[in-house]
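Please take these sequences and the hints and turn them into a complete structure.
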Amino acid sequence: MGLEQYKGDMDMCCRCSTCKFVPMQQVSGFQYANVCPSISKYDFHSYSGGGRLNIGASMLKNGFNYTHKLLDIVYNCQMCGACGVSCNYAMDMEVMAPITEFRIKCVKDGKTHPALDKIIAGLRKNDSMVPVTGKRGDWAAGLNLKDATKEKVDVLYYVGCLTSYDKKLQKLARSTAKILQKAGVDFGIAGDAETSSGGAAYEMGYEQDALDQAKKTMALIKQTGVKTVVASGAEDYQAIKVLYDKFKLKGDLKVLHIAQYIPQLIKEGKLEPKKNLELAVTYHDPCHLGRLGEPWVHWEGKKVPGDRFVFDPPKVYRRGTHGIYQQPRDVLKSIPGVKLTEMPRNKEYAWCCGAGGGVCDSNPEFAQWTAKERIEEAESTGAEALVTACPKCEKTFSAAIEANGSRLKVYDIVELVEQAIE
Amino acid sequence: MTLSKEVYAEFEDVVGPEFICNDPAIMPSYYATEFAAVILPENTAQVQAIVKLCNKHKVSFRPVCTGWTGKFQAGVVLLDLRRMNRIIEINEKNMYAVVEPYVITAQLQAELMKRGLHLNVKGAGTNCSAMLRGHGHLDQSTGGDDRNHLAIEWVTPAGNIVRSGSLGSSDEWFCGDGPGPSLRSILTSATPPGVTPGVFTRAAMKIYHWPGPTKFPIVGNSPNYALSEIPANFMTRYYSFPTMEKMWQAELKIGESEISFELMGFNVAMVAANITTSNEEEEAAFKRLSKEVQGPGFLIILAGNSAADFEYKKRVLNHIVNAAGGKSLASLEDPRTEGILMCQCIRISASIRETFRPGGAFSSIPVMGQRDLTIKWAIGAGKAKEPLIEKGLIVDDGGASFGWGVEQGHLGKTEIFCKFDPQNAVAKQAVQAWHDEQSARAFKERYFALLSPGQPEEIGKALSNYHVWWNKLQKELDPNRVSPEGGALV
Ligand code: SF4
Ligand code: SF4
Numbered sequence: 001m002g003l004e005q006y007k008g009d010m011d012m013c014c015r016c017s018t019c020k021f022v023p024m025q026q027v028s029g030f031q032y033a034n035v036c037p038s039i040s041k042y043d044f045h046s047y048s049g050g051g052r053l054n055i056g057a058s059m060l061k062n063g064f065n066y067t068h069k070l071l072d073i074v075y076n077c078q079m080c081g082a083c084g085v086s087c088n089y090a091m092d093m094e095v096m097a098p099i100t101e102f103r104i105k106c107v108k109d110g111k112t113h114p115a116l117d118k119i120i121a122g123l124r125k126n127d128s129m130v131p132v133t134g135k136r137g138d139w140a141a142g143l144n145l146k147d148a149t150k151e152k153v154d155v156l157y158y159v160g161c162l163t164s165y166d167k168k169l170q171k172l173a174r175s176t177a178k179i180l181q182k183a184g185v186d187f188g189i190a191g192d193a194e195t196s197s198g199g200a201a202y203e204m205g206y207e208q209d210a211l212d213q214a215k216k217t218m219a220l221i222k223q224t225g226v227k228t229v230v231a232s233g234a235e236d237y238q239a240i241k242v243l244y245d246k247f248k249l250k251g252d253l254k255v256l257h258i259a260q261y262i263p264q265l266i267k268e269g270k271l272e273p274k275k276n277l278e279l280a281v282t283y284h285d286p287c288h289l290g291r292l293g294e295p296w297v298h299w300e301g302k303k304v305p306g307d308r309f310v311f312d313p314p315k316v317y318r319r320g321t322h323g324i325y326q327q328p329r330d331v332l333k334s335i336p337g338v339k340l341t342e343m344p345r346n347k348e349y350a351w352c353c354g355a356g357g358g359v360c361d362s363n364p365e366f367a368q369w370t371a372k373e374r375i376e377e378a379e380s381t382g383a384e385a386l387v388t389a390c391p392k393c394e395k396t397f398s399a400a401i402e403a404n405g406s407r408l409k410v411y412d413i414v415e416l417v418e419q420a421i422e
Numbered sequence: 423m424t425l426s427k428e429v430y431a432e433f434e435d436v437v438g439p440e441f442i443c444n445d446p447a448i449m450p451s452y453y454a455t456e457f458a459a460v461i462l463p464e465n466t467a468q469v470q471a472i473v474k475l476c477n478k479h480k481v482s483f484r485p486v487c488t489g490w491t492g493k494f495q496a497g498v499v500l501l502d503l504r505r506m507n508r509i510i511e512i513n514e515k516n517m518y519a520v521v522e523p524y525v526i527t528a529q530l531q532a533e534l535m536k537r538g539l540h541l542n543v544k545g546a547g548t549n550c551s552a553m554l555r556g557h558g559h560l561d562q563s564t565g566g567d568d569r570n571h572l573a574i575e576w577v578t579p580a581g582n583i584v585r586s587g588s589l590g591s592s593d594e595w596f597c598g599d600g601p602g603p604s605l606r607s608i609l610t611s612a613t614p615p616g617v618t619p620g621v622f623t624r625a626a627m628k629i630y631h632w633p634g635p636t637k638f639p640i641v642g643n644s645p646n647y648a649l650s651e652i653p654a655n656f657m658t659r660y661y662s663f664p665t666m667e668k669m670w671q672a673e674l675k676i677g678e679s680e681i682s683f684e685l686m687g688f689n690v691a692m693v694a695a696n697i698t699t700s701n702e703e704e705e706a707a708f709k710r711l712s713k714e715v716q717g718p719g720f721l722i723i724l725a726g727n728s729a730a731d732f733e734y735k736k737r738v739l740n741h742i743v744n745a746a747g748g749k750s751l752a753s754l755e756d757p758r759t760e761g762i763l764m765c766q767c768i769r770i771s772a773s774i775r776e777t778f779r780p781g782g783a784f785s786s787i788p789v790m791g792q793r794d795l796t797i798k799w800a801i802g803a804g805k806a807k808e809p810l811i812e813k814g815l816i817v818d819d820g821g822a823s824f825g826w827g828v829e830q831g832h833l834g835k836t837e838i839f840c841k842f843d844p845q846n847a848v849a850k851q852a853v854q855a856w857h858d859e860q861s862a863r864a865f866k867e868r869y870f871a872l873l874s875p876g877q878p879e880e881i882g883k884a885l886s887n888y889h890v891w892w893n894k895l896q897k898e899l900d901p902n903r904v905s906p907e908g909g910a911l912v
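Keeping their order, the protein sequence lines are chains W and Z.
Numbering follows the working numbering, with no gaps: position 61 of the first sequence is 61.
In short: position in the second sequence from 1, add 422, done, that's the working numbering.
Treat the hints with care, as some may be off.
[Unchecked claim] Here are the simulated lysine-lysine pairs, BS3-like style, with alpha carbons at most 25 Å apart:
(1) LYS628(Z) with LYS302(W)
(2) LYS274(W) with LYS178(W)
(3) LYS7(W) with LYS709(Z)
(4) LYS135(W) with LYS152(W)
(5) LYS427(Z) with LYS303(W)
[Unchecked claim] If you want the footprint, here are the derived chain Z segments under chain W, 3+ residues with CB under 8 Å:
(6) 532-539
(7) 838-851
Simulated from the structure, these hints should not be mistaken for laboratory data.
Note that beta-carbon positions come from the ideal geometry of N, C-alpha and C, so glycine has one too.
Pasting the structure below:
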């Protein structure tokens, strides 16, 4: 069905422009009122969530005219979901789904972005969304971790491509493993056998590749026999939990992000962050852990004929309400000496780090522009450090901090927890 | 009409290649029209240069802010004012704020609340331009329409820059009428023009005292926002009355006693829309609330400057409501619902949930005039909606209209909606017929006349040949006819 199934939703767009801003009640002043990086950078209405829907609706009706400008609009979007949250405060309509389907259609029609094609070629060849150096499981050397493909374990720690291969980010995998070890969790990794989750490929528009990866990853998970997967990357967490469910592949697998799992371990008395870190922090909600991380809702129904846009059975929209917002904050609050101050844009209306939707590869300058705005917002809180829960965010922020000479430090939440439980 | 390469290049020289586009891909995002080009000026000088080029090449232009739906002729140059988004000044002492067109009301409002100040929020919503002229829920305490426009900077259709009021004789924005030219009768609209041709590039908006918190204590995640507590000396209630007449009498007395911060003659369908997060919830709430009310009603927000002031206002309100046989809607007194409604009505001004969400589109007949007369007309217009509701062509809102008194309340706004599915051609046609009939009836039965572009001569003649004068003015202001009128695009 693709884009066609969202015709009614796209037709609903009233062009109110709310999707350009944080929800109106949360507008805290002149600054930080914007929520969509794309319209904020490129200004033409076409780059906003609503603009994209209006283009989609029109092209469904009048045919697809793939101009250079159209592809510029399509690929300069972080697929961050912020427009959907702001729209769905008031409107009953799908926003992110048609935007995603439009991109999928572009890819199916061969209207791809060369930088993203290159990434996908790498995925098909090496089963990785990032360049491969060494082996996938090299990061675990010396940690004495169980191989979940060989030994029976309760929990599979899914590491993800970026954390596995990026030398600067492998520390996150090691921190996560140490935390799980300290808590006495019976866990293992898949090491070299781990496959790319495919989540990023889906957002880039390569639906079939994402589906292929989902099948491979689920086959691996089934082979390990675990009932619970813990991911440290927000994108992978969202892929396995949400996308695989959409693909009807997840079954009853329990999927947790490490930032969700840690408070549970603390509550059970298995972890105790004791060390005083004396650090003023602010927390960046990764899109995939927050608004995009809320569970998939399986729904099939029909519009009730007549006046109202209502459905039988009633349609449940994913409005960003049920993302993982509180647990990472609970973790930070549990660490002695950590003082958390919120940024003006937070939780379901957080500003994206800039890397999503393949933008970090297709338009690194735009990704950095977006990250810079977040860095400035973080600095405005007086925090010494920006804490996140996603390797891609950390990578993007680190580059922006370096490029802009900021004194802000950036940490993944696992790095702080590891320090606090030492 | 497309622009020749040479003409396009001239426009491009004004804004730079990044801020002009005529690619067909972008057109559908800007209303289904083939614009000659979409241009994003950054400042008044660029607007002026663009308008002058439009005159030179006899190309029509239309400015637009955040948007909403609109109709445009093909071949028009669209000025998307998005880059003109600065708050120029907040003058706390003289109680005004100067803004460019793309500052949205929510931004200015948030800045003002931090300073103990507020502004009139238009019914279109806080997602729309802060510079917009019009009416809203706060009209009782702030006045509406041109009351809130002070000095204005205006690029006329011929490309001249006119600075009205005090700005015409100094650098000060404090007054719309002088010292300097008062153009109140011409500058009838905000940006982009609904009636006034040309472009308003900066305007001073009157601001008011705000006795509430610097920001609302919002808890929860969208769309389930609520207030952790009702701010001190604030109260929101909905009162229904046995008859429309009694409701209006109460509204009038409230206006005269100057106790309300916000008074909005919502019908229960609008209340239901504002307190719910989906259409299904809304339908159920509408049915439930319809059973609870005894007749038409209004929502009122009291804001006390002190505990004593709050007590006084509450006492006066009770006295007025009791005398008119009013009854508070008990289910809305629940603090959670009260907080939702309060924040929704102050910070958002309702709008999207009650207009577009239920069916996807709405048609409206808004009128400013003597409340008792316009209410009488609205009762008839509501009755005329009933067959459409019965046939399932429009959303069931009980056939109700809504409205509110402005300032002391004799004058006010009355409006009636038909919410419908724009994809349903039969519904669309029926709503258009209803709209035409009810507008015509308003004039025929001498309730009021709707002055709109292309107004029939008959109406103009009945209003001191207004249309003749307006056409003459337009000819003077827009000799090349490059600034066509259209609906107010908020
Ligand atoms: S997508 Fe939603 S918020 Fe954006 S313009 Fe359309 S209706 Fe408004
Ligand atoms: S997904 Fe994010 S970047 Fe893309 S249009 Fe929506 S808010 Fe903008």
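Taking the hints in turn, this is what the structure says about them:
With a CA separation close to 49 Å, the supplied pair LYS628(Z) and LYS302(W) exceeds the 25 Å bound. Only pairs whose Cα atoms come within 25 Å are accepted, and LYS274(W) paired with LYS178(W) is accepted, the gap being roughly 16 Å. This hinted pair does not check out: LYS7(W) and LYS709(Z) have alpha carbons roughly 30 Å apart, beyond 25 Å. Only pairs whose Cα atoms come within 25 Å are accepted, and LYS135(W) paired with LYS152(W) is accepted, the gap being roughly 23 Å.
Of the pairs offered as hints, the one joining LYS427(Z) and LYS303(W) is violated, with about 48 Å between alpha carbons and a cut-off of 25 Å exceeded. Look at the segment 532-539 of chain Z against chain W: 3 of its residues bring a Cβ nearer than 8 Å to a Cβ of that chain, three or more, so the hint holds. Under the rule that three or more residues need a Cβ within less than 8 Å of chain W, the assignment of the segment 838-851 of chain Z holds, with 6 such residues.
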